[in-house]
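Student: So the chains spell out like this:
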Amino acid sequence: MNAFSLALRNLLRNRRRSLTTLLAMLIGVSAILLFGGYSRNIDLGLETGFVRGSGHLQLQHRDYFLYGTGNPAAYGIADYARIIDVLERDPVLAPMLTVVTPRLSLGGIAGNFTAGVSRTVFGEGVDVAGQNALQQWNDYGFPVAAQTSPLTGSAPDAAVIGTGVARVLQLCEALQVKNCPAAQATAHDAALGAAAPDDIAALSAQEAGQAGTQSPTRIELLAANAHGAPNVAGLTVIKAEAMGVKELDDMAVTLHLRQAQQLVYGQDAPKVTAIVLQLRHSSQMPAAKARLAELLAGPQAGAKTPALGGTPLEVHDFATLNPQYGQITGMFAAILGFIAILIGGIVLFTVSNTMSMAVVERTVEIGTLRALGLRRGGIRRLFVCEGLLLGALGAALGVLVALGLAWVINHSGLTWLPPGNVDPVPLTVRVWGEPAMILKTAIGLMLVAALSAWWPARRAARLAIVDALRHV
Amino acid sequence: MSSVSLQQLSKHYRLGSVDVPALSGIDLDIRPERFTVLSGPSGSGKTTLLNLIGCIDRPDSGTLTVAGVNVLALKDDALADFRARHIGFIFQNFNLIPVLTAFENIEYPLQLTGVAAAERKRRVNELLAAVGLADRAKNLPGQLSGGQRQRVAIARALATNPALVMADEPTANLDSHTGAAILELMRNLQRERRMSFVFSSHDPNVLAMADDAVFIRDGRITATEQRTPEPAA
Ligand SMILES: Nc1ncnc2c1ncn2[C@@H]1O[C@H](COP(=O)(O)OP(=O)(O)OP(=O)(O)O)[C@@H](O)[C@H]1O
Ligand SMILES: [Mg+2]
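So the sequence lines, in the order shown, correspond to chains A and B.
Just so we're on the same page, this note's numbering is the position in the first sequence counted from 1, plus 4.
Just so we're on the same page, this note's numbering is the position in the second sequence counted from 1, plus 1225.
Where hints are given, some of them may not hold.
Label-pair ranges, simulated between beta-carbon atoms [said to hold, decoys possible]:
#: 1; chain 1: B; residue 1: Arg1310; chain 2: A; residue 2: Val364; range: 22 to 32 angstroms
#: 2; chain 1: B; residue 1: Leu1299; chain 2: A; residue 2: Val368; range: 35 to 45 angstroms
#: 3; chain 1: A; residue 1: Ser287; chain 2: B; residue 2: Glu1344; range: 53 to 63 angstroms
#: 4; chain 1: B; residue 1: Leu1299; chain 2: A; residue 2: Arg21; range: 35 to 45 angstroms
#: 5; chain 1: B; residue 1: Ala1433; chain 2: A; residue 2: Arg21; range: 41 to 51 angstroms
#: 6; chain 1: A; residue 1: Ser287; chain 2: B; residue 2: Arg1310; range: 56 to 66 angstroms
#: 7; chain 1: A; residue 1: Trp459; chain 2: B; residue 2: Ala1448; range: 32 to 42 angstroms
#: 8; chain 1: B; residue 1: Val1294; chain 2: A; residue 2: Phe353; range: 28 to 38 angstroms
#: 9; chain 1: B; residue 1: Asp1301; chain 2: A; residue 2: Gly437; range: 45 to 55 angstroms
Read the hints as simulated data drawn from the structure, not as lab findings.
Each residue gets a CB set at the ideal place from its N, CA and C atoms; glycine is no exception.
Only chain A is shown next, with the shape it has when bound in the complex:
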């Protein structure tokens, strides 16, 4: 008769009480696992979103992240083509990389001068092929299709703007933006500045080299060039896109990299502000970072591959580039922790109550076993085993129920709108495929159950034998 089969028989003795205790644990475990699976899904969903949008890692000019965002001229990476080449050929990095693509960010003023309106914007010059390649990343198997950039196959002067930009620039009608009420005040302003200032129009025409063919969605993007002088680019807006975040919606202008480079650097050598690196798996980030650090440190003695020594670059990961990632995952981790502690407390009291009742009921039995020669430790082991077994059964049932419920939820067709998203995504909870989470929860529950059995077990072990035998 080993300790666990004895414990099992004792648990079966008071089936109803054991079942209620099991039920409490089952509900607790499945609640933790379902919420854990939900928050895991959110973490991975956010990660997927950020990795698709801006890669795992970005190489930027040193200090660009802290000081340079408004100044692409001063913090550009000049020989980016060579750097990309080095990265793509590097024997260590290459197997990890899925995409390497350059990007140029700039601040400026966008104006629709036929309507006499303008606003400050944040421009992003992208390589469309690279952008589309980034979108293919789906390491966590989300049932969401990759989005193709609207700039795909468009003219060199094409641009995509946020719906907020479209609203202010009075392009809603031309771009067929829904839910875009026209402001009352603009009528007066329009009268004041009816046409673009001549100098800007001239500049724009000179840049575009084709004044006169005005599309109804044409805007002017004004920015400081590399020499600090104003420059302008004429853009044809092909689409207004909701960005999900108002700040972005009101600011974003996406254009072809070539166009952005011409605006900032003119006839000078083109630069970019970031080289975006996307890896096969997020888990490769430390290795990739380490290799990049090696390359940036300079060529090693006897190394065949050219290194990037001397280039004033630094590496940022997606969590640094998108602080909200850490904030949101941190928030969910905190809620999960809170729920786990709460449920742990409930389980603690439920099991300790059950075991205390068992000790009282079995007082005479305890006295008998002690008289027969069982040591105090043996009595303690008896009840701790029972608690542990209850915990193990509760954990096993809880995991099964959580897996079942997760399956039901994942197949129910529910959707939700993640922060910063425009389109709803399927609501899924990741329980299956998260063995670490399942294991942690199950072991945690068993520990809590054993711990809560420990006090009653200790009390049972300390009973005086004769008192226990006299118990009625």
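Mind docking chain B with the ligands on chain A? Use the hints.
Tutor: The following block gives chain B with the ligands in isolation, referenced to the frame of chain A:
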């Protein structure tokens, strides 16, 4: 050489602030391989004395030697091991473990003393036969009659071949017919296996078949009787 030897043994119970003397200055030698009965009116201290001899309680003062060991010097775990090896218990309410079968109940003390499985099986089956329950091995205590339960309890008490078997009114919860049969069984087993049995009882039938009798009143021994001679050496 006595199986149990007590000198000036005293035990008080404390009820709130009042001291209840249960045993005072007990001097007693219990002869080995005898059937000794403690007799006395209710509340005289029979159970208290039996508990002390059985090493499940400690006296306030005095000395106590069981099977040649000064048991009062043993720590709790050592005392538990000592009980497992040398003392068997038969209780008034049988006190079988309800989740264990008759077989497993008898096997339990053997497991405690680390007897190998095959040997355990042999001994349990032998004991089951000796108490007339060979066909009840797989029954739980709840499926047995009072008399059958007490037979299992007797077999359990004898399993480790202890030097001393303690029984506190073992027939009090049985009808007189069953009680008599149980007594007879115990008497026979005690003789066959040459063990020391110490009983407490009100029952004149028990007293009648005792080798030795110890009479207690108000926590003191009033008389002892040795009805059979010392066994030949
Ligand atoms: N746990 C206890 N607390 C306080 N007093 C006790 C306790 N156990 C026994 N006593 C007292 O000690 C005395 C002896 O009790 P004991 O149980 O040994 O008597 P007994 O001879 O076995 O009686 P009975 O024949 O009724 O079983 C009694 O006065 C009893 O009230
Ligand atoms: Mg008594």
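Student: Determine for every hint whether it applies to the structure shown.
Tutor: Hints, verified against the model:
1. B:Arg1310 with A:Val364: 22 to 32 angstroms: Because 30 angstroms falls inside the window, the suggested range holds.
2. B:Leu1299 with A:Val368: 35 to 45 angstroms: 24 angstroms, violated
3. A:Ser287 with B:Glu1344: 53 to 63 angstroms: 57 angstroms, holds
4. B:Leu1299 with A:Arg21: 35 to 45 angstroms: 38 angstroms Cβ-Cβ, so the 35 to 45 angstroms window holds.
5. B:Ala1433 with A:Arg21: 41 to 51 angstroms: Given range 41 to 51 angstroms: holds, Cβ gap about 48 angstroms.
6. A:Ser287 with B:Arg1310: 56 to 66 angstroms: 59 angstroms, holds
7. A:Trp459 with B:Ala1448: 32 to 42 angstroms: For Trp459 (chain A) and Ala1448 (chain B) the Cβ distance comes to about 49 angstroms; the hint is violated.
8. B:Val1294 with A:Phe353: 28 to 38 angstroms: With Cβ atoms ~45 angstroms apart, the hint is violated.
9. B:Asp1301 with A:Gly437: 45 to 55 angstroms: Once the Cβ atoms are compared, 51 angstroms apart, the range 45 to 55 angstroms for Gly437 (chain A) and Asp1301 (chain B) holds.
When held up to the earlier numbered hints, the structure conflicts with 2, 7 and 8 and fits the remainder.
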